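**Student:** Each chain is listed here by its residues.
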Amino acid sequence: MNKHFLGDTGILLGRSLRHITRSLDTIITTTIMPIAFMLLFVYVFGGAIHAGTGAYINYLLPGILLITIASGISYTAFRLFLDLKGGIFERFQSLPIARSSVLWAHVLASLLANLVSIIVVVLVALPMGFRSSAGPLAWLAVAGILMLFTLALTWIAVIPGLSAGSADGASAFSYPIIFLPFISSAFVPTDTMPGPVRAFAENQPVTSIVNAIRGLLEGRPVGSSAWIALAWCTGILIVAYLFAMAAYRRKIA
Amino acid sequence: MDTAGQAPVIRVRGLKKSYKDVQVLRGVDFDVARGSIFALLGSNGAGKTTVVKILATLLKADAGAAAVNGFDVATQAARVRESFSLTGQFAAVDEILTGRENLVLVAKLRHVKDPGAVAEELLKRFSLADSSVRKVSGYSGGMRRRLDIAMSLIGNPPVIFLDEPTAGLDPQARLEVWEAVRELASHGTTVLLTTQTLGEAEQLAGRIAILHGGRIIVNGTLEELRALLPPAKVEYVEKQPTLEDVFLAVVGAEK
Chain U
1 MNKHFLGDTG ILLGRSLRHI TRSLDTIITT TIMPIAFMLL FVYVFGGAIH
51 AGTGAYINYL LPGILLITIA SGISYTAFRL FLDLKGGIFE RFQSLPIARS
101 SVLWAHVLAS LLANLVSIIV VVLVALPMGF RSSAGPLAWL AVAGILMLFT
151 LALTWIAVIP GLSAGSADGA SAFSYPIIFL PFISSAFVPT DTMPGPVRAF
201 AENQPVTSIV NAIRGLLEGR PVGSSAWIAL AWCTGILIVA YLFAMAAYRR
251 KIA
Chain W
254 MDTAGQAPVI RVRGLKKSYK DVQVLRGVDF DVARGSIFAL LGSNGAGKTT
304 VVKILATLLK ADAGAAAVNG FDVATQAARV RESFSLTGQF AAVDEILTGR
354 ENLVLVAKLR HVKDPGAVAE ELLKRFSLAD SSVRKVSGYS GGMRRRLDIA
404 MSLIGNPPVI FLDEPTAGLD PQARLEVWEA VRELASHGTT VLLTTQTLGE
454 AEQLAGRIAI LHGGRIIVNG TLEELRALLP PAKVEYVEKQ PTLEDVFLAV
504 VGAEK
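Those protein sequence lines, which keep their order, are chains U and W.
Every letter in the first sequence is one number past the one before it in this note's numbering, and letter 51, counting from 1, is 51.
Every letter in the second sequence is one number past the one before it in this note's numbering, and letter 77, counting from 1, is 330.
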């Protein structure tokens, strides 16, 4: 590792954040879809959904936050793709800097941008009736799980960002991730689903992550779901990182 | 062919590179003397950009050796990157940042002292001071290329690679870029430029090498290259102004 890694990453992170603050519309478009889902499910479908005794928005919010992140990371892929296409990626790679800091700057910018989006969505959820009895430690745990999930998805986003042939291709990978929460416990309890669907829903990562966050926000002990959630996030993170690095090495030879 | 007995600042020997089954470079050899302008001339797809990318440590050669400023591109890549700047075929500038921010960014990454002052000086030198606080996305092609070259000068690297620096520019912008390149060389910077415009090589380069079929088929000064053909015949022709002369006269270029 190069002695300038931290400094170079900081400089390039500053650049990426400038990109984000100069295109605030990307934060808005990132949050519009999850907010629309939230309105739709609370005020249209919510009355007919039987998901326990509390307010439906409390049940719904964790899944909405995951959708927010899934739609936010497509911009990371998009920005990375533009850097490659425009040639500035090669310019950075030809400078005497720690080369991997170019990727890490995008990854850290993605974390910060998604954090802002999450806060926006939570703020919108408050007037809709979202309440939590969670203490500071539980909130910290929620933030930790969400950040780990963002990090894992961001490294997935790096793969198409580095290897896509078009800007559309670079961001299209996020659609299946956005829809993964629908086949999970995010919107409705899984026990009404038919056998195979239920089996998929109960064993895919979103369910354990949603259950863990929901438990933490309701101030309940979360038990094994938190550990399964952490294992999923860490596993996805490691695999995505390895594939992203392979794509990166193909790119810079 | 060394000048004044100095070791060449760029040394390329037997460079080979294939993409899948297409052999682009089949053994390229050339030297570039310190402080000179060297033009790599070739048609589209001749492999000029491949040579530059290998020298810039962005691509690995399949065989052969190349050294920049005495450092081997394969084994001392980090030292090589301290020795050159690259201006790519498509102006690699950040569209969303302003001209000044682009320069400051590169100055910071090159760890020069006082990035702000460096940016200021270059903005003046490349006549970009008036647009320094505008986003680059609003710049003209010529301004963008000038900014691109200015970014390459930060940190005074001894070698500059210019990959088709005037591709897609109008005649006036091209003259501005030529002027910038000449000024670089007059400060002692070695310039390796690739071009497919014969006139550009003729205008700028002390030595010209023609890359064709994956090899350097001719390498020499303009006079040496001219001497390859039978001596010139003296003919009297009426010299009409070219359309370029007319264009430049009408739009009022200084040169």
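Derived from the structure by calculation, the hints contain no laboratory data.
Check each hint, because a few of them may be wrong.
Restricting the straight-line Cα-Cα distance to at most 30 Å, the calculated cross-link-like pairs of lysine-lysine (BS3-like) are [unchecked claim]:
#, chain 1, residue 1, chain 2, residue 2
1, W, Lys313, U, Lys3
2, W, Lys366, U, Lys3
3, W, Lys366, W, Lys377
4, U, Lys85, W, Lys269
5, W, Lys492, U, Lys85
6, W, Lys269, W, Lys313
7, W, Lys486, U, Lys85
8, W, Lys388, W, Lys366
9, U, Lys85, W, Lys313
10, U, Lys251, W, Lys313
11, W, Lys313, W, Lys273
12, U, Lys251, U, Lys3
13, U, Lys251, U, Lys85
14, W, Lys273, U, Lys251
15, U, Lys85, U, Lys3
16, U, Lys251, W, Lys269
17, W, Lys377, W, Lys388
18, W, Lys388, U, Lys251
Facing chain U, a subset of chain W residues (Cβ under 7 Å, in silico) [said to hold, decoys possible]:
#, residue
19, Gly267
20, Ala309
21, Glu335
22, Leu339
23, Ala345
24, Leu358
Per the computed footprint, the stretches of chain W lying under chain U, defined by three or more beta-carbons under 8 Å from a beta-carbon of chain U, are [what the hints assert, rightly or not]:
#, stretch
25, 346 to 354
26, 360 to 372
Quick caveat, the model's predicted, so the values are computed rather than measured.
Ideal Cβ positions, reconstructed from N, Cα and C, are used throughout, including at glycine.
**Student:** Decide, hint by hint, whether the structure agrees.
**Tutor:** So, going through the hints one by one against the coordinates:
{"no.": "1", "hint": "W:Lys313 to U:Lys3", "result": "24 Å, holds"}
{"no.": "2", "hint": "W:Lys366 to U:Lys3", "result": "18 Å, holds"}
{"no.": "3", "hint": "W:Lys366 to W:Lys377", "result": "18 Å, holds"}
{"no.": "4", "hint": "U:Lys85 to W:Lys269", "result": "26 Å, holds"}
{"no.": "5", "hint": "W:Lys492 to U:Lys85", "result": "44 Å, violated"}
{"no.": "6", "hint": "W:Lys269 to W:Lys313", "result": "10 Å, holds"}
{"no.": "7", "hint": "W:Lys486 to U:Lys85", "result": "49 Å, violated"}
{"no.": "8", "hint": "W:Lys388 to W:Lys366", "result": "24 Å, holds"}
{"no.": "9", "hint": "U:Lys85 to W:Lys313", "result": "20 Å, holds"}
{"no.": "10", "hint": "U:Lys251 to W:Lys313", "result": "11 Å, holds"}
{"no.": "11", "hint": "W:Lys313 to W:Lys273", "result": "14 Å, holds"}
{"no.": "12", "hint": "U:Lys251 to U:Lys3", "result": "23 Å, holds"}
{"no.": "13", "hint": "U:Lys251 to U:Lys85", "result": "12 Å, holds"}
{"no.": "14", "hint": "W:Lys273 to U:Lys251", "result": "15 Å, holds"}
{"no.": "15", "hint": "U:Lys85 to U:Lys3", "result": "28 Å, holds"}
{"no.": "16", "hint": "U:Lys251 to W:Lys269", "result": "19 Å, holds"}
{"no.": "17", "hint": "W:Lys377 to W:Lys388", "result": "17 Å, holds"}
{"no.": "18", "hint": "W:Lys388 to U:Lys251", "result": "28 Å, holds"}
{"no.": "19", "hint": "Gly267", "result": "19 Å, violated"}
{"no.": "20", "hint": "Ala309", "result": "5 Å, holds"}
{"no.": "21", "hint": "Glu335", "result": "4 Å, holds"}
{"no.": "22", "hint": "Leu339", "result": "4 Å, holds"}
{"no.": "23", "hint": "Ala345", "result": "4 Å, holds"}
{"no.": "24", "hint": "Leu358", "result": "6 Å, holds"}
{"no.": "25", "hint": "346 to 354", "result": "holds (count 6)"}
{"no.": "26", "hint": "360 to 372", "result": "holds (count 4)"}
This entry does not satisfy hints 5, 7, 19, going by the numbered hints stated previously.
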